[in-house]
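Novice: Protein chains in written order, with our numbering: chain A, 24 to 339; chain B, 8 to 152; chain C, 38 to 378.
Source of the hints: derived by calculation from the structure; they are not laboratory data. There could be a bad hint or two in this list.
Calculated cross-link-like contacts (lysine-lysine; reagent style BS3-like; alpha-carbon spacing at most 27 Å) [what the hints assert, rightly or not]: (1) Lys139/A to Lys45/C; (2) Lys53/A to Lys243/C; (3) Lys132/A to Lys243/C; (4) Lys206/A to Lys44/B; (5) Lys58/B to Lys110/C; (6) Lys298/C to Lys44/B; (7) Lys110/C to Lys53/A; (8) Lys223/A to Lys95/B.
Among the chain A residues that face chain C by a calculated CB cut under 7 Å, a handful are [unchecked claim]: (9) Ser51; (10) Thr57; (11) Ile60; (12) Ser62; (13) Asn63; (14) Ile230; (15) Tyr233; (16) Ala234; (17) Ser258; (18) Pro261; (19) Val290; (20) Pro292.
Sample of chain A residues lacking proximity to chain B, with all beta carbon distances greater than 12 Å (derived) [stated by the list, open to error]: (21) Glu31; (22) Glu86; (23) Glu88; (24) Arg141.
Glycine included, each C-beta is placed from N, C-alpha and C at the ideal position.
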Amino acid sequence: MEQKLRDEAKALLEQGKVDYIIGFEPGSLKFTTTPLITSNPDDIDRLVINPFIVNNLSKFLIEIEGRVGIVAKGCDSRSIVSLIQDNKVNRDKVIILGVPCPGMISLNKVELLAGKSRDEIDDITRDGGKIVITVDGKKKDFPVTEVLYDNCLGCELPTPQEYDVLLGEDSALVTDRAASRKKIEELEAMSPEQRWNFWKEEFSRCIRCYACRNVCPACFCERCFVEEAEPRWISPVPQWQDNLLFQTVRNIHVAGRCTDCGGCERVCPANIPLRALTREMYDIVDDLFHYQAGTDKDASPLLTAYELVETEDTFR
Amino acid sequence: MSEPQLVGFLCKWCSYAGADLAGTSRKKYPANIRIIKVPCSGRVDPLFILKALRLGFDGVLVSGCHPGECHYQTGNYRARRRIAITKKFLKYMGIEPQRLQASWVSASEGGKFAEVVTEVTKDLKEVGPNQLFTDERQGNGTKAA
Amino acid sequence: MANKKIDKKNISKLLKKWSQEFSVFVPSLENNEAIMAEWDGKDISFLDWYRNTVKPPKANFLPLMEKLFSFKKRKGNYQIEVPPADKSKQLIFGIRPCDARALTILDMTFTDAYEDPYYLARRRNTVLVGMTCTDPYDSCFCTSLEGSPSDAANVDLMLTDIGDSFLMEAVTDKGKKLIASASELKDATSADESKATEVKDAAASKITRKIDARDIDKKLLASFDDKDYWEKVAAKCISCGICTFLCPTCYCFDINDEMVKNQGARFRNWDSCAFPVYTKMPMENPREEKWHRIRQKVCHKYEFYPMNFGVIACTGCGRCIRLCPVNWDITQALNSLPVKV
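Chain A with its partners taken away, still in its complex shape (with noise of 0.2 Å):
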């Protein structure tokens, strides 16, 4: 898949068909990728695709300006669907260089089983359904669904639904929608009370670093709403009232373009458990309207479509 990315990626930039190409190249860390935003073709054999390109690069969609090709996983093609819904990316603007996806290993639930950190583990390879994991010579296997990110064990589409190019055939995928859902779970069979004593607890470590809302591409408002001085919503004091209101109603308004990239949970650097939040309005959405974000760049978007008869009217 590298190789035929990388000369898909060369030919649309040397023929002129793109003015940047947005990929991922090697991280300066072990084991982490960075995003790769270029116009240059002798920059393009850095590209990679590795269990570790996380990042959903749709967001660099919304600010750049010119042709892009763009390589998009399963959740990173519906996000830049979504994009196209609601006429922030121009369809003909993009070449998506689509890649099958066998999901994403979180560093952080490796660094839990191997008992190590990032830095110290040798090597993390994928052999099938398993993951191997080498420390200090000695190699131990799991399976793969330990270590997957908690979106990538639920999703639904690992295949770009659309591209111009697709890099590759089946994604190889193993899901567990259970353990996806692990934490709503769990928080459903709390009484309300209980509910929201725990996120008025996750909301006090919140240190409003906006990092959830700024790589969320469902997130492109010029000013977003606590930047307004006038009215004021909520202050920039960190204080977990307005903590809690800022994440609810951030995951309102992106309710239905919200494609559980997972993205949010895994940049917050308090480890609080978005997905939590974003995954329940994702399924509300999907329950109430039977509507799954970026499947249809030719649908309305959810709230602005509408039906005359609602299957759920809650107004008396």
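Starting from the known structure of chain A, fit chains B and C onto it as the hints suggest.
Specialist: Showing chains B and C alone in chain A's frame:
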């Protein structure tokens, strides 16, 4: 026990007019409601609902034209979807479902408006005062990382 | 005074002794995130896993949010109540040399022109017990910035892991007092001292990430207007606040009044120059473009701070590299400056 404070976002064309009619027809309804006029129920951002709860209001009522009768054609359809999603999500978060209620009240339904406010106020009395955002802990506060 | 040592099995007793006088902060795990938190009186398992915290120790001196004063409106006047100065004594156990050096760097800002009473009250009432790093991260680069995993210059007492015990070197009078008030200490032997030196040298040699900091301020000045370079460097940044909030030398803050009816309080909270709205004003935003903000962030640390205070405002702790959502790497940005001086 103190009286519950209810904020109502009423659409100007239908529900606000309906509330006016309730007044001119001398229909009695609880004075617990504070009304904010919006051009359309579709104007109501769930942000307003959460902010009202944050400020300490015990409940929020969103009221608009009946589906099919929106002055702006489709605004209330959007409100319907948004409120449905918001209600489910807030319930999941642990907020009592009675705190967010919605109604279709037309300009001629003064009586219905009075009924709605009466019922919602009753619900709020049952569910008790909004303690959701109290608790002045500093959390990340003055000491420690 | 000859150095002392303490057996690891007696660390609990030591911390308990110090807890009588100080609020003792030790490395703790909160939801799998390493932070400094008040010792619970029992758990010393951090000795097994501690490398460095996610939130830097600046949080103990310049908290994420703090109340500066409260106010009440009375008959057209404001009655202001300033909270009493924080006299609580803190002991931070296990602070790393990079983070301790960062506090010294922060001191320069908080004593320049105006002495910040809130920050300084805490600083003066805190003792720092440092710990030599034995396992630097692959993101660490302190040795390029006049630091080292064993640099004791900015702590009161320095501990070095020599196997079953910690060598204890008093650096300041406060450190000597700590030793005097401790129990279960033994005298360190010359074998202990040699082992400590071995450990310190080994740690320094484990640092693989390097930058060339020579004349970096001049190089940055020369490339200040290189829009192409900075745009390329800034392209993948997503303008969140992680690098600045978790940086031990970043200190930007915002001030906000919270008011309900006729009373309220003025708060100070962390702010970030990476945020697009940081420099937003009614008529314009001088750093609207991302590359302006990234350039500013780098230059502030490596050019302007040295200009004003004579020291680079970075200690190579590597948190920004480790925790950036897109793995933006300041060492790469600095090492590839297209300028020769």
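Novice: All the hints need checking, so say for each whether the structure fits it.
Specialist: Right, here's what the structure says about each hint:
Straight-line distance between C-alpha atoms of Lys139/A and Lys45/C comes to about 22 Å, which keeps the hinted pair within the 27 Å bound. For a cut-off of 27 Å, the pair hint linking Lys53/A to Lys243/C stands: about 15 Å separates their Cα positions. For the hint pairing Lys132/A with Lys243/C, the CA-to-CA distance comes to about 25 Å; that is within 27 Å, so the pair holds. Pair hint Lys206/A plus Lys44/B does not hold up; C-alpha atoms about 40 Å apart against a cutoff of 27 Å.
Distance check on the hinted pair: Lys58/B and Lys110/C sit about 24 Å apart at the alpha-carbon level, within 27 Å; holds. Between Lys298/C and Lys44/B the CA atoms are separated by roughly 23 Å; this keeps the pair inside 27 Å, and the hint holds. A C-alpha spacing of about 57 Å is found between Lys110/C and Lys53/A, which places the hinted pair above 27 Å, so the restraint is violated. Proximity of Lys223/A to Lys95/B is assessed by CA-CA distance (about 19 Å); at most 27 Å being required, the pair is judged to hold.
Interface hint status for Ser51/A: upheld, as the beta-carbon distance to the closest one in chain C is roughly 4 Å, under 7 Å. Hint status for Thr57/A relative to chain C: holds, with the closest Cβ pair at about 4 Å, below 7 Å. Interface hint status for Ile60/A: upheld, as the beta-carbon distance to the closest one in chain C is roughly 4 Å, under 7 Å. With 7 Å as the threshold, the beta carbon of Ser62/A stays out of range of chain C, its nearest partner Cβ sitting at about 10 Å, so the hint is violated.
Against a cut-off of 7 Å between C-beta atoms, the interface hint on Asn63/A is violated, since the closest Cβ of chain C lies about 9 Å away. Proximity of Ile230/A to chain C holds as hinted, the smallest CB-CB distance being about 6 Å (cut-off 7 Å). Given hint, Tyr233/A at the interface with chain C, holds; its Cβ is 5 Å from that chain's nearest Cβ, closer than 7 Å. Interface restraint check: Ala234/A against chain C, minimum CB-CB distance 4 Å, threshold 7 Å, status holds.
The interface hint given for Ser258/A holds, since its Cβ lies 6 Å from the closest Cβ of chain C, which is under the 7 Å cut-off. Of the supplied interface hints, the one on Pro261/A holds, with its beta-carbon coming within about 6 Å of a beta-carbon of chain C, less than 7 Å. Interface hint status for Val290/A: upheld, as the beta-carbon distance to the closest one in chain C is roughly 4 Å, under 7 Å. For the restraint placing Pro292/A at the interface with chain C, the shortest Cβ-Cβ distance is roughly 6 Å, inside the 7 Å limit, so the hint holds.
With a minimum CB-CB distance of about 39 Å to chain B, Glu31/A clears the 12 Å threshold, and the non-interface call stands. Against the 12 Å criterion, Glu86/A stays outside the reach of chain B, whose nearest CB is about 25 Å from its own CB. No Cβ of chain B approaches the Cβ of Glu88/A within 12 Å, the least distance being about 30 Å, so the stated non-interface status holds. With a cut of 12 Å on Cβ distances, Arg141/A stays outside the contact zone with chain B, its closest approach being about 22 Å.
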